[in-house]
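A.B. asks: Residue-level listing of the chains:
Protein chains: 2
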Amino acid sequence: MTAQSAARHRVVVVGGGFGGLYATRELSRSSAVEVTLVDRRNFHLFQPLLYQVATGALAPGEIAQPLRSIFRQRLNVTVLLGEAVSVDVAARRIVLSDGGPIDYDTLVVATGAQFSYFGHDDWARFAPGLKSIDDATDIRRRILIAFEAAEREADPQRRAEWMTFVVVGGGPTGVELAGALGEIANDTLRRDFRAINPGDARILLVEAIDRVLPTYPADRSASARRQLERLGVTVRTKTPVVAIDDRSVEVKVDGGKADGATERIPARTVLWAAGVRVSGFAHAVAEASGAPTDKAGRLIVGPDLALPAHPEIFVIGDAAVEPWKEGRPVPGVAQGAIQGGRYVGTTIRRRLRGEPTPPFHYRDLGDVAVIGRLAGVTNIPWLGRFGRTGGFLAWLLWLGIHISYLIGFANRIVVTVRWAWSFFTHGRSSRLITGQPLLPPIEEPEPPA
Amino acid sequence: MTAQSAARHRVVVVGGGFGGLYATRELSRSSAVEVTLVDRRNFHLFQPLLYQVATGALAPGEIAQPLRSIFRQRLNVTVLLGEAVSVDVAARRIVLSDGGPIDYDTLVVATGAQFSYFGHDDWARFAPGLKSIDDATDIRRRILIAFEAAEREADPQRRAEWMTFVVVGGGPTGVELAGALGEIANDTLRRDFRAINPGDARILLVEAIDRVLPTYPADRSASARRQLERLGVTVRTKTPVVAIDDRSVEVKVDGGKADGATERIPARTVLWAAGVRVSGFAHAVAEASGAPTDKAGRLIVGPDLALPAHPEIFVIGDAAVEPWKEGRPVPGVAQGAIQGGRYVGTTIRRRLRGEPTPPFHYRDLGDVAVIGRLAGVTNIPWLGRFGRTGGFLAWLLWLGIHISYLIGFANRIVVTVRWAWSFFTHGRSSRLITGQPLLPPIEEPEPPA
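Respectively, the protein sequence lines represent chains A and B.
Residues in the first sequence are numbered from 1146 upward in steps of one, following the working numbering.
Residues in the second sequence are numbered from 1146 upward in steps of one, following the working numbering.
Worth flagging that the hints you see were computed from the coordinates, not collected in a lab.
Keep in mind it's a predicted model, so treat the numbers as computed, not measured.
Ideal Cβ placement from N, Cα and C applies to all residues, glycine included.
Do not take every clue at face value.
[What the hints assert, rightly or not] Here are some, though not all, of the chain A residues that point toward chain B, as calculated from beta-carbon distances under 8 angstroms: (1) 1187; (2) 1214; (3) 1279; (4) 1337; (5) 1468; (6) 1469; (7) 1473; (8) 1559; (9) 1579.
Looking at chain A on its own, in the form it has when it is part of the complex (with noise of 0.2 angstroms):
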């Protein structure tokens, strides 16, 4: 790798979501560089659409572009599928998981973030969060072997177990997820069983701090606990979880006080939405760099997103920490790495061409979550008071903007298909169960005490 591109300035960027595949894309339009793009996955995910995967509206290929097919035409940028886990800042090179070395002169940090379980890693085998196309089938299986499993459950007790889920966590994930949940229990399966009525579930969405959307104003979060409420989903803020096992999950009430009383919540299927932890490699590149990271290890940078005392590291997304305005960083949105993505590619060019380098200019484009069917919430600043909306008006801007950040444009055909077919019919025809197909085995029942 090293000799074919010596003449040109080599850039490694690691991490194929939304600020990766932006900086490549930017970068791949000078022909003075020579991108490395690495990924562990050999595709760009749509994330904002993941939890439609997980509800079965979607199916996983149609959010999802293979990164090869991106770049076929920019023949400086290189496609590697390998797992980035370490770097020499001095040597600046990163080793991958199996074993090849790549040299960069200017590396991208863009590897993102998951859900953190405070602590509580073994929640995860419980609690499965949603990043990736494989936990959304999974989750999916979840949801779904849960409602067959409640069908075919004599014991109502039990049933009403298989019949209870919990979201825990109130950001726009867990808002999304429990909507969905809700229009799936209400309207989308209400015909489709015998002995249940999947209108009887039980969805809770629980909050450790006193709102939803907590980025948002306070009015929008009003806006969307009541629009949960009419979907059927019991909304409870102050609510922080402390257990969770395999047929429960335990909160505390009284307001979430330290020594307050808790509660067991009886449920089968609980999905993790809270937290933010960044990946490995993010980590190695602190620990060698010798960086500051927030509390979540996501990497502080400067106002030009590079590491001050190493300038030729950028980091961008939701593994960095970037300066925004009164203190606060941008959010964790597509938008904050696709706007972090071309800046770091646009500063990269000028600092090849000699040109100075404006400081980043994080610009809010607004926010908007969905929630079921034709509701949802928007705060969107720069419309003013327009910008403020809750329903049917703010599930429109949801579909337009989502529909036309697609990449790919049979995606896009296909996405919009789909999503007129179920808005007409009120289905979801991606509710495939893969992978461990059967149910677990019934019980007998508990013997009385």
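Mind docking chain B on chain A? Use the hints.
C.D. replies: Just chain B now, kept in the frame of chain A:
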């Protein structure tokens, strides 16, 4: 289950493939019948397009439809997720793997078939067959990983191993898989890699007998062979496989003579599409009923598709040997199962009304196989000599037939869009490597001998 349905005739259908689906559909029209459809999966799979999932052209959800939503409005149909394992023919009761017994008045066995490794079940690990969605995503992963590994492999010999693909079996599945591989290597991935040229891939189709597509007329077999060769596929007939391991396939040369020489073909990706073997439940039915089977385990049924000694047990599709003409059985294609399912549904309804039941008459609608892009062969007897086409016309026919038989109107639109898109862009957008994400570790070069 017994109490609520004592008044109605209870039919249990095991298997939600083409046979079970069409039988259930026919039966659901009669209010005198109560149907329980049991399947290990919660969806009906459009099996003829499974190879398109394995080769990245379609997403799993696009060729599958939840059984519950298909029968949502048929209130006399109960769908049960479960695996039928045994049957008590005297008590007229089947048992599921998790214990639930289900009583029947009439049983319809529609459990299909698997590929058979001819007694070498250890080969399955190295050479997966293509029968389920999970098989398809596994095969897709293997094909894509092979190109990724070749891209990163510097040693020319090991690179060649990664770039060699062997398909075992020259029936429709083998021909369609080999054709799709030819298209992937020469067209889809053509410009995706930097170190390798995917067009250098070696694709072999090996078949034990003297021609591919043995159920077609000889001139159609020859046409299919020519079209495969045009796509860069090496077709080797009279070449039985004698051994498979993780790095090679060993075949007999000299026309497959018993004492002939063998040749070892180094190849990392071997796909299996040969032989036929029934499922465990069909075996259990044969054992419990004492019904005769052929050597693949298929149950031999009478002219009404029931077991001669047990007229209340019907067997349809690939699990049965159904009489046809001149001693030949109904071919193991979707049409055979669809027509058998419809016939059995009608026959049960006629019996309940006390009407005479004519014997099953298979109407041969003909066969069509597609070979890569824009090519294929057809054999449609009732169209006379116009039914024996090849090339583009065959491909068009195939397209129309498969779209019209897809279950679920949304799937029809989505698949049409995908295909139209692939046609114009030469792309396959569902090229996701899911499951185990990473390449096998790069090996150290072997020391010179």
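A.B. asks: Run every hint past the structure and note whether it holds.
C.D. replies: Now the hints, each set against the structure:
| no. | hint | verdict |
| --- | --- | --- |
| 1 | 1187 | 5 angstroms, holds |
| 2 | 1214 | 6 angstroms, holds |
| 3 | 1279 | 6 angstroms, holds |
| 4 | 1337 | 4 angstroms, holds |
| 5 | 1468 | 33 angstroms, violated |
| 6 | 1469 | 33 angstroms, violated |
| 7 | 1473 | 35 angstroms, violated |
| 8 | 1559 | 5 angstroms, holds |
| 9 | 1579 | 5 angstroms, holds |
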